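Turn these sequences into a full structure, and let the hints guide you.
The lines below spell out each chain.
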Amino acid sequence: MSFASHDSATKQSAGNAITAEDIREGGSKAPEDVARYALYLGDDALMLAQRLGWWIARAPELEEDIALANIALDLLGHARFFLTYAGSAWGKTEDDLAYFRDEEEFRSCRLVEQENGDFGQTIARQLIFSFYQYELYRRLVRSSDPTLAAIAEKALKEVEYHQDHASQWILRLGLGTEESKRRVQDGLHYMWPYVDELFHDDELIESLGDVAVLPSSLRADFDRRIAEILDEAGLDVPDVAGAYGGDRSGEFSEQRGHILAEMQVLARQHPGATW
Amino acid sequence: MTTQTPGLHAVPAADPAAQAEQDRAGQEHFDRIIAEDSRVEPRDWMPEAYRKTLVRQVSQHAHSEIIGMQPEGNWISRAPSLKRKAILMAKVQDEAGHGLYLYSAAETLGTPRHVLNQQLLDGRAKYSSIFNYPARTWADMGAIGWLVDGAAIANQVPLCRASYGPYGRAMVRICKEESFHQRQGWEILYELSHGTPAQKQMAQDAVNRFYGPSLQMFGPPDEDSPNSKQSMAWNIKRFSNDELRQRFVDMIVEQAEALDLTLPDPDLKWNEDRGHYDYGPLDWDEFKAVVSGKGPCSVQRMQRRRQAHEDGAWVREAAAAYARKTAAERASAELIGA
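Chains V and R supply the protein sequences, listed in that same order.
When the letters of the first sequence are read in order and numbered with full-length UniProt numbering, they come out as residues 1 to 275.
When the letters of the second sequence are read in order and numbered with full-length UniProt numbering, they come out as residues 1 to 338.
Think of the hints as simulated: they come from the structure by calculation, not from any bench.
Keep in mind it's a predicted model, so treat the numbers as computed, not measured.
Just so you know, not all the hints are guaranteed correct.
[Said to hold, decoys possible] Calculated pairs, DSS-like style, for lysine-lysine (alpha carbon to alpha carbon, straight line, at most 30 Å):
#	chain 1	residue 1	chain 2	residue 2
1	R	176	V	157
2	V	157	R	83
3	V	29	R	83
4	R	83	R	176
5	V	92	V	154
6	V	29	V	92
7	R	229	R	288
8	R	294	R	126
9	R	294	R	229
10	R	83	V	92
11	V	181	V	29
12	R	176	R	200
13	R	288	R	126
14	V	181	R	126
15	V	157	V	92
16	R	126	R	52
17	V	154	R	83
18	V	154	R	294
19	R	126	R	229
20	R	288	V	92
21	R	288	R	269
[Said to hold, decoys possible] Which stretches of chain V does chain R cover? Using the computed rule of at least three CB atoms under 8 Å from a CB of chain R, they are:
#	segment
22	59–67
23	79–89
24	177–185
Note that CB positions come from ideal geometry on N, CA and C, so glycine has one too.
Here you go:
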């Protein structure tokens, strides 16, 4: 048996689905404001993938190790698309953006940065985020930016599964035992202060017109669908005010630095190295 | 091909005389299957010792996949590029999948997964001792893929022809994925050994640490491996530990050259007469210590598995309670419907 260095085991394309390599090789250069918007989307996906990766080999059942790994892999794939595209505006790679930006340069929302907590807390975050992402991507497929539309189209199919996974667990935990109901309801309370900021319109997004999706336009559908599933699960929609400072700046987050310290440590020990 | 003989299923007979007759016919049928080198299937009669040996071997293999997720899982959060992170995540996920197929294969022998899992948690079941070594650097992801998965493949390819059907079939699928894993490990090391001096050093250091333990994955030398003979007679095992180890050494010497890395064995040299590479003695005292729970990370690996199991108890209870409730609701809905 022998392997040749050009015989890559790592090209991750399934069928004719787009890959981060396709985006890079396709050569479409993102306008700078579109790139800044792509960072919002990419950083959200990257942070959540990083959080969910922790569960692999720690989940309640083997099947759940596989499911959570699968969701983390999908999100990591989305992050690679968005960051590759964003990087095209500045001549940077996905890895330049993931590993060599500092804390204040990331644009993730605080929800995805929150600690995993117990399985109930993780599922609460999955429910909120997958329902939000579903509403976002099903509109972003009509973006006037063809690359963003193509990424959204691929991601949407995967997010439908993430929604289904979260919904099934919300029902099991909400209707399972007293303890599971209490834990998942606690998880929802813990995460709820970070729901409002998902729907916050800012100047960048407002200036992008039909390239982007206005977050505020997703809220009504999100609220209605969340209320339906929580009602079916016998759980309450938390009556909790949004936490101050939801502007993606990182100025109001303690978690981001810890995530990045771990994620970036090796890459930063060897600047300029390839892996 | 398995000969189908009616009435040989492992169903207990009503009286002792009938049972004895059933066992005699069953043994005859089993012996014929082994002699023909065809396959034993779950409902065929089989000797208790054969069943026990297989449950032990298949479940140990499953446990190894599950514990083996930990050293590599340790690097998912720190993988140095997003592409490597994705590949590593997919690899660890495959290992969970292998664990599942193997537990399912063991279940066809009559021992449920939760019992096997409990044996692991209680420390009554073993798993491959290689996973009790630490994965300290990123290069260990390469060395584990190239050497540990490589040794696993050398061990497992012949198991695709194991006499027990469900095991052999599970191994076919597992071997396909393992060879992909080995290739990605080799690719990690190739990148490192052709990278900066610090990266190359990292790669060499990992190979130095994993070489000996990976050769020990084939088990003790033949003269100290009492169970091997019976397993070979049953067509479960096809080659001896030393034969497989030699095959592996012959394979990795050239691959190491292609990697531009050395193997830490001064006695390693081509033997023209034997047509194989000679290699130096392995440290079997170390092997015995690690196998018997004194590995550098043995306590940590078990602690982590127990913790995950305990932390997940309330989730599994909730899922079971929900399944009971929905089944009861469905049943009553059907009654009303009727």
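List in ascending order the numbers of the hints, as given earlier, that are violated by the structure.
Numbers 11, 14, 18, 20 - these are the hints that the structure violates, sorted from lowest upward.
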